Amino acid sequence: MTQTPNAGIVVRLKKTWETKIMSEQKLGNPAVVGLAGFGLTTLVLQFHNVGWMPSIGPVVWLGLFFGGLAQMIAGLQEMKTGNNFGYCAFTSYGTFWISLCFILLGNKYDLFKAGTEDVGWFLIAWTLFSIILWIGSLRIHGAMAFTFTTLVIGFILLDLAHFGYPGLTVVAGYELMICAFAAWYMMARIILNEIYGREVLPAGKPWVS
Amino acid sequence: MRKTMLGFAGLALILSVTPAWVGAADSAATPDEVIAKVHEAVQYLKDKGLAGFSDFNNNKDARWVWKDSYVFVYSCRDNVMIAHPLRPDMVGKPILQMKDDKDHFLFQDMCKSGANTDGGWVEYWWPKPGEAKASRKISYVHSAEVSFKPDIQVGSGIYDDKMSVEELNKLATQAKQPKKDAP
Chain A
1 MTQTPNAGIV
11 VRLKKTWETK
21 IMSEQKLGNP
31 AVVGLAGFGL
41 TTLVLQFHNV
51 GWMPSIGPVV
61 WLGLFFGGLA
71 QMIAGLQEMK
81 TGNNFGYCAF
91 TSYGTFWISL
101 CFILLGNKYD
111 LFKAGTEDVG
121 WFLIAWTLFS
131 IILWIGSLRI
141 HGAMAFTFTT
151 LVIGFILLDL
161 AHFGYPGLTV
171 VAGYELMICA
181 FAAWYMMARI
191 ILNEIYGREV
201 LPAGKPWVS
Chain B
210 MRKTMLGFAG
220 LALILSVTPA
230 WVGAADSAAT
240 PDEVIAKVHE
250 AVQYLKDKGL
260 AGFSDFNNNK
270 DARWVWKDSY
280 VFVYSCRDNV
290 MIAHPLRPDM
300 VGKPILQMKD
310 DKDHFLFQDM
320 CKSGANTDGG
330 WVEYWWPKPG
340 EAKASRKISY
350 VHSAEVSFKP
360 DIQVGSGIYD
370 DKMSVEELNK
380 LATQAKQPKK
390 DAP
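Residue numbers (the working numbering), protein chains in the order written: chain A, 1 to 209; chain B, 210 to 392.
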């Protein structure tokens, strides 16, 4: 078959059409991965904190990869969606897990050892940081406000656990399980509402308007 | 010459006595040593966190094993022996249902005393290292703060037939006193 004289135009048109499709193509929401990693790693740490899982080993490896690397990358991807809250929260909590795991590994190999109170100060800084995001979360929606409220309470309980009330680790454990499930609820919302094409799981009204 | 002879005699005397004296001291740990070791272990775990547990199972450097005593680590809430330098078979096993030769739930007593601010002494029957028959043992137990691990206790004991738990408790409180009074 011979080529038509206007083959060049067809190719050019095809290219424009492809570019148009690509730019209009729906983007995934990085929050689904961020929330998944945040929730799952938080949950597994609480399995340890409440005493169900004796070793902290799974927390270290999950914290480095799912809660850490994956959540951090999701956070970096949030930048392109223009969502500063997600950008800051996921990137920061991703690196929180990576740092926490390296603190645990460092103690194991006598590298910049961090004692109980040192970890306590680390957690206090994260508590203060989380309070800022918590204020923001109140204006996003109910599910976000609930997740961050439980997160801040959990951090405060862990702070106290590192400064003289070790028993509160268990209370923080159960409390932060609620936080982890709340994060998963938000993840489930984004995924299920899209797949089912209707609002299966509501977000809830913002606590502050 | 006579002086040298005397010197040699003196030296010989010292040399002959020293091993016997060291031997005697080697045999039994004192309450003060036990208290100091337990406090050292509590501080060590506070500094090193979860990663410090395995060091108590390591009998090589003998930091946690001396004379006829040793330091063990356990969790009452998790009902588990975390570290025991001389009995690796007990590590990871439940402790609360364990009975001594007089049918006492020894770890239930330890968990109670260890929960006190200054820790406490507990009397039970336990074999000396290398022996099969149980002797009267009194152990000092104290709680330790460890990141992400609530309710850790550390213990160490002496084998003695006379000392009472009351006088030992007084000793333990005194041992903590200077630290509290320091500016």
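Source of the hints: derived by calculation from the structure; they are not laboratory data. Since the model is a prediction, treat every value here as computed from it, not as a measurement. Be aware that one or more of the hints could be misleading.
Unchecked claim - For lysine-lysine, the following DSBU-like pairs were computed, each having C-alpha atoms within a straight-line distance of at most 35 Å:
# : chain 1 : residue 1 : chain 2 : residue 2
1 : B       : Lys371    : A       : Lys108
2 : A       : Lys108    : B       : Lys302
3 : B       : Lys311    : A       : Lys113
4 : B       : Lys385    : A       : Lys108
5 : A       : Lys108    : B       : Lys311
6 : B       : Lys276    : A       : Lys80
Now for the hints, and whether the structure bears them out:
no.	hint	in the structure
1	B:Lys371 <-> A:Lys108	violated, 41 Å
2	A:Lys108 <-> B:Lys302	holds, 23 Å
3	B:Lys311 <-> A:Lys113	violated, 43 Å
4	B:Lys385 <-> A:Lys108	holds, 29 Å
5	A:Lys108 <-> B:Lys311	violated, 40 Å
6	B:Lys276 <-> A:Lys80	violated, 66 Å
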